[in-house]
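Peer 1: Sequence:
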Amino acid sequence: INKGEVLDLELFTVVENADNVEWIPSFMGVRVSEWAGFSATGCDITFDGDFQIHTCIVNSTFTVTGTGLADVLVVAGGGGGPQQGGGGGAGGYILFENFTLTEQAYAVTVGTGGTGGTANNVPGGHGANSVFDNLTMIGGSGGTARLGVASPTGGSGGGDSSSGAGASAGTAGQGFAGGNGFDGGQPFTGGGGGGASEVGATGTSGVGGDGGDGLSNTIFNGTTLFYAGGGGGNINDQLGTSVGSGGLGGGGDGGNLKGGGATCTVGVDGLGGGGGGASETNAGCDGGNGVVIIRFLPILSIPTVTLNKPDNNTVFEIVTINMNCTVSDNLNLVNVSLILDGVINETNTTGIN
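Reading the sequence shown from the start, the letters are residues 1 to 353 in the working numbering.
Read the hints as simulated data drawn from the structure, not as lab findings.
Owing to the predicted nature of the structure, the values given are computational and were not obtained by experimental measurement.
Since no wrong hints were added, every one of them can be taken at face value.
If you anchor each label on the Cβ, the simulated ranges turn out as follows:
no.	residue 1	residue 2	range
1	Ser242	Ala172	29 to 37 Å
2	Ala172	Ala105	30 to 38 Å
3	Thr63	Thr241	51 to 59 Å
In this text, a Cβ means the ideal position worked out from N, Cα and C, and glycines have one as well.
Let the sequences and hints guide you as you build the complete structure.
Peer 2: Next comes the structure, spelled out in structure tokens:
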């Protein structure tokens, strides 16, 4: 049935004298009178072709009418970078395809990024978790400070400083560990924070470790975007040559003491990137906030089926009954089958026309 098209169907059946015929049109095995459709409200709504996309960048309520399948992206907040240390770890990442949505109001939690460290014995802050239904992604670990200890395990782990205190671990299925720092003599450097696809790079003499890259997908409006990249490690010496770059997916760059102290950069909000580690003259950089994105094909209406004749449940005195109904829809249905007496009479891959 082409969109907006009206179709007349002429059917006949044979009944016994004084029998009646009940008219029960159905769609996808459900009576038309009981069909609820499949739609949703909440968060920022955009469209990509036939897909409806809900992007949640703050804590929200996502309300579903009906039941259907969706692709769900959940990214937690990235970890903050420390003063004088490694990059923050990316927030935990998952893209769950064909997630079953049921009719209810879902609470959506979007994790914020961890704050940058402000002293050389304080690690970067841990990112906050993002949650959708039973999908919980862990916030990224903060980077290790020069005189501090490693942060707890995160979605992805924070990078080590030059102290050798250790990088943080990542959570299996969500991200990877941070990289080690360099403490073999000046110029000291920090390791990169872990990303969703790889471990953060180890810092080497004069070169901060790059943040681990995140993962890409096209769930947002069909555009290829990377999410959950780790923050870059710092250089804590005037002799350094190259700070660690943030990983693909919003990771911030590390800071540099050389030339008066170039500042680190923050993780990107909405991508869950880790913040860059700073030199001893600046505070570490914040991690980026996470995001929850839900994409699905809505069913906003169903075919309208109208029985024109005879009246439903008429008691007949004739054997052969001619029936006429009208069918229309707004869905551009394809692979439509006409079923008579439980047997497929005809299937048209382009709809009934």
